[in-house]
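Assembling the complex is the task here: the two chains are given apart, and the hints tell you how they should meet.
Chains as they are written, first to last, in our numbering: chain P, 1 to 395; chain U, 1 to 250.
Just so you know, these hints were derived from the structure itself, not from any lab. Everything numeric in this text was worked out from a predicted model, so none of it was measured. Any given hint could turn out to be false.
Here are the simulated distance ranges between beta carbons [stated by the list, open to error]:
| no. | chain 1 | residue 1 | chain 2 | residue 2 | range |
| --- | --- | --- | --- | --- | --- |
| 1 | P | Pro212 | U | His230 | 54 to 62 Å |
| 2 | U | Pro188 | P | Pro171 | 53 to 61 Å |
| 3 | U | Thr68 | P | Val63 | 45 to 53 Å |
| 4 | U | Ala159 | P | Arg259 | 49 to 57 Å |
| 5 | U | Pro188 | P | Pro384 | 25 to 33 Å |
| 6 | P | Arg272 | U | Ala14 | 53 to 61 Å |
| 7 | P | Leu190 | U | Thr99 | 26 to 34 Å |
| 8 | U | Asp19 | P | Leu71 | 28 to 36 Å |
| 9 | U | Gly87 | P | Leu80 | 45 to 53 Å |
| 10 | P | Pro212 | U | Gly87 | 38 to 46 Å |
By construction, the Cβ of each residue, glycine as well, lies at the ideal position given by its N, Cα and C atoms.
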Amino acid sequence: MNAARFIAYLNAVEFGATLAQRVDPSLVGRPLALLDDRGHVIAVDVLAARAGIAPGQTEHQAVARAPGVTLRPADRYPILETQAELMARVARYAGRWQPAGLGSAYLDTEGIGGDMLSWCQALGGEVRGLGMVPSVGLAPTKFCAAVAGEVAGENIMLVMTTVTQRAFLTPQPIGLLPLDAAALLHLAHLGIRTLGQYACLPPAGVLARFGPPGRTAQRWVQGRDNRPVTLPGEVPQASAHLEFDGVVADREILLAALRREADALLHPLHSRLQAAGRLALSATRGDGRLVTASHVFPLPTAATRTVHLALEEAVDRIAWRGEGAADVTLTLGDITDAPVQQLSLLDITSPRATLAATLAQLAARFGPETFRMAALVDQGNPLPERRGSWREFGD
Amino acid sequence: MSSQRRRKLDAVVAQLQLDYGPRAIRRAGPDEHAEVVGRIPTTFAELDRALGGGLPQGRLTEISGPATSGKLTLAAKVISAAHRADGDALAAWVDLSRTCDPDYLDRCGIALDRLLVVRPASLADALAVTLHLVRSNALAVLVFDRFGANANQVRAAVAEEDGMLARLPQLLSGTATAAVFLSDPREPSPALAHAAAVRISISRERWIMRDADVRGYQSLAEIVKNRHGHAGVRVAVHIIFNGTVRGDGL
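Isolated chain U, as found in the complex (with noise of 0.2 Å):
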């Protein structure tokens, strides 16, 4: 581009950034204005390396795979790292199917006293006490499990959880609040899709085998989406059950 040339183009780009902001136009390559967004880790560091240093926080994530793909695993070790990181560290799993177990999660390395665990009666319940958890901005991570929920249920209030998705974004960038939602790969919801800042597919590969026990297993957790890094990112994770469940770092 002749010097002349780009003398404009600075000065036009100048000018909308006076504008629209300086944010509204810029080059590509590294960004000075780029808003500095707290991580929580996930503990697998390959997949922590791929996202930037984590999960991010006051941002959604959603985690979509089908049943024993390591979802579950990979969202309670993301509360058990803030655990870890912060002794007053609070964190909360919306547990719509009921199936949340104590022991496992204990085995994840979470604090149990510094989890809330919600059982709501309806999709709607839970929707909307996420909905003032996360403004009371008291929580480091919170987990919406809607993996297993009711199918006919999730249809019949899809307008109100499009209308909280709507809202949670706004709701969860003034708070440090992690938030999580696990979800089904057959039950999609564009309007989750759209409010998340990062989403990552999951999926197991393969079991770990020790003679004929299963150790573990190996997942391929893809970054389909990602608002503050790059996105396209494939990346293993091993879970070993070992007494304790562990990621590739704890």
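Chain P on its own, in the form it takes in the complex (with noise of 0.2 Å):
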């Protein structure tokens, strides 16, 4: 087996939650997830995914899914460090490479020769020798590698040509792409279960019902994924400069300016699929200081509602005190391939708003005519036919 131009993608299985058990035994064998110093999970056991627990969710979404789930703060265990190991160890197997995530990264194999099967062993053993259990997937694009990773378990799975490409990628199931879990959901619904259904679907109505980030998902499962692996210094940001007529000192009036750019910003970051890692402001207050703030996202993010949390954060951390600003520079940093989120079905909502919600999707695939709920409109009519009659469900 040769070297062509490959993507390699290592991980290292159940990173953050075998730190913790390292260092703390008794939390073997119980569902366990990691926090951040927000509350949001960053890391998850196998028993906790299995519960429906993923990365993101916050601390009240863990519990409800599973009761019994040990909640422990990341920053008692010594994820960062290994992290910054890992990286340093892989960084001595491929000349561009990138973290994708905790404990995982992509490699480019471009200019590497020899056998491929042994350099991917190789590249396991570091993570092996970090005392965790690699799974390592080599692909012709980054999407490919990343499932053939995430499916190969804890062994090396190897996809060497754009047809195998193909025919591997085609009956994997539709969680493992890095839509949010209401597109994913609308998918089910809608009785697409692989990414061979996926593919084949028509361009415009992928467009059409699940936007930018739906067409670039399908692009990337039909194999036309050219995103390069690019060096965490070369990891692109996203700017804007706001400069006011005078200086403003209202916080809620300059918060509504940021919240505008800053959505501006996440669109394109949407339809590419990216999320950035890390929020900078930097402000000139009226007597020309220059104040600055950042906020880095324990995963990689593109909501729109956690990026306004964190700049509100930022705004109150460069000491607002009325002082004012002439002008505000927002950055989003350490732009990258955004997590793919796991697919809930336990949303914590009346069952009534879950019902309508399912039966909007259903309709769609069904009919409308599908789903009625039944009324009286005469009752007193000797015609039984004529007593009950059909309206449309939450009428």
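In structure tokens form, the structure reads like this:
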């Protein structure tokens, strides 16, 4: 097996949970979720994942899914140090590499000679050296490599040609698409269960129903994923600069302007299925002083609400005391590929709202006339068939 | 049994329970590890007693019987009991044969504004919709009326139905939905019989007359299978038409 240009995806299975369990062996055998300083899940073990807990959920959502889950703050364990150590080891194997979340990375094999299987085994050996179980996927594109890495479990999965790539992706579940949970649920209701089915959908229909992110994902599934592997120093950032006529001292006015700029920056990220890892804010005060604040997202995000909250926090952190700003620069940095979200069917809403949401999507597949509610219109009529009638659900 | 033999047996049982879980092997008699299963009463007191409180939630129940045996009424009374117990409870009726009668359901005590009636085009669609509705975990009761469905349609989709029925118990186990399948004893489904936690066979015994008028009928319900209690029990249920359809208790 000779080297050509491929992308490898290396993943340390249960990275955060393994580190926590190594420090505290009493956590073994129990559903475990690690939380960031804002109470969001950033890592889970396999038992918690089976119960439906996924990175990005809140502490409350995690407990609702698995009441017996053990929650621990992530900063109690050496996760960031081990991540840095892993990336340092990874960097020895390829000229171009890119972190892809906690315990995983993409590597570009361009210029690497020799047997790729041995190279992948050696790469996996670096993870084993840290006391963790590796999974490695090697494929012509980033998306396929990531899917191969996820599917490989604790092994190595090689997808060596574009033909085998298509055959490999076709039966994989749609849960591997990096779309949000609502879109994945919608696909499930439409009966789309595999990547192959998704690839065959009409592009215009996908664009109309799932927007630019859905179309981008479809291109990836079809093998048209030309995203390069970008080194950490080359990671793109998006920024916006606001200059005011005078000094703006009202926090709410400033926040409104910044939110509008943040939305404009997030829109192209959404379309390309990317997410920002960092938000930075710098403001020039009326007296010419420059003040800065930044927020690092534990999980890269393009969620509008999360970014708005981080924005508010950053504005408050630059000690806003009505001193005002003459200009402000907002930067979304560490832009990377959006992490895959897990499909969760256990949202905490009222039964009627859940049923209405389910029916809205089922109606698109089976027709709205399939779902009705009965009503009595003429109960005294001697003919039974004239006593009842039908109406739409929720009317 | 000598005390030495009993000690040996206890040690083996303890080891097996340690290796394979407490439910892998246990003594006959009251089960301290028994799962706690919620129940929705049928409103027929004798039948509820025999079932241990009613039809189990998160499980599949099959009610099988010929026409005018009381199976539809039994299912309707389960929905009415769920509606009475919880003002927000929702139910769905998958009406494959398109014979659902709102007037009769209303007389059974069902709150029609909390009943979704699904009228799918085919058995395959009905099965797919059922899986999605169960997965939503929004329903207290789901009734799947396959009685009277086109026999050719049923035979054509038998493989699909078997596949769906194999998945349904696992999906149900994570929900509070009591799924009730009404079936025709002339078109038995082995997959349904296998998947059901409770199977009730019901047949009409006699009409209840007052003077020359039919006022109701008496049916014999036999619990053919019960994973959460005793099976083989037979009880008589009386269904009286008196403006409203009454069970024994309501």
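Against the structure, the hints come out as follows:
no., hint, in the structure
1, Pro212(P) <-> His230(U): 54 to 62 Å, "holds (60 Å)"
2, Pro188(U) <-> Pro171(P): 53 to 61 Å, "violated (34 Å)"
3, Thr68(U) <-> Val63(P): 45 to 53 Å, "holds (50 Å)"
4, Ala159(U) <-> Arg259(P): 49 to 57 Å, "holds (54 Å)"
5, Pro188(U) <-> Pro384(P): 25 to 33 Å, "holds (30 Å)"
6, Arg272(P) <-> Ala14(U): 53 to 61 Å, "holds (59 Å)"
7, Leu190(P) <-> Thr99(U): 26 to 34 Å, "holds (29 Å)"
8, Asp19(U) <-> Leu71(P): 28 to 36 Å, "holds (30 Å)"
9, Gly87(U) <-> Leu80(P): 45 to 53 Å, "holds (50 Å)"
10, Pro212(P) <-> Gly87(U): 38 to 46 Å, "holds (43 Å)"
Going through the hint list in order, the structure does not satisfy hint 2, though it satisfies all others.
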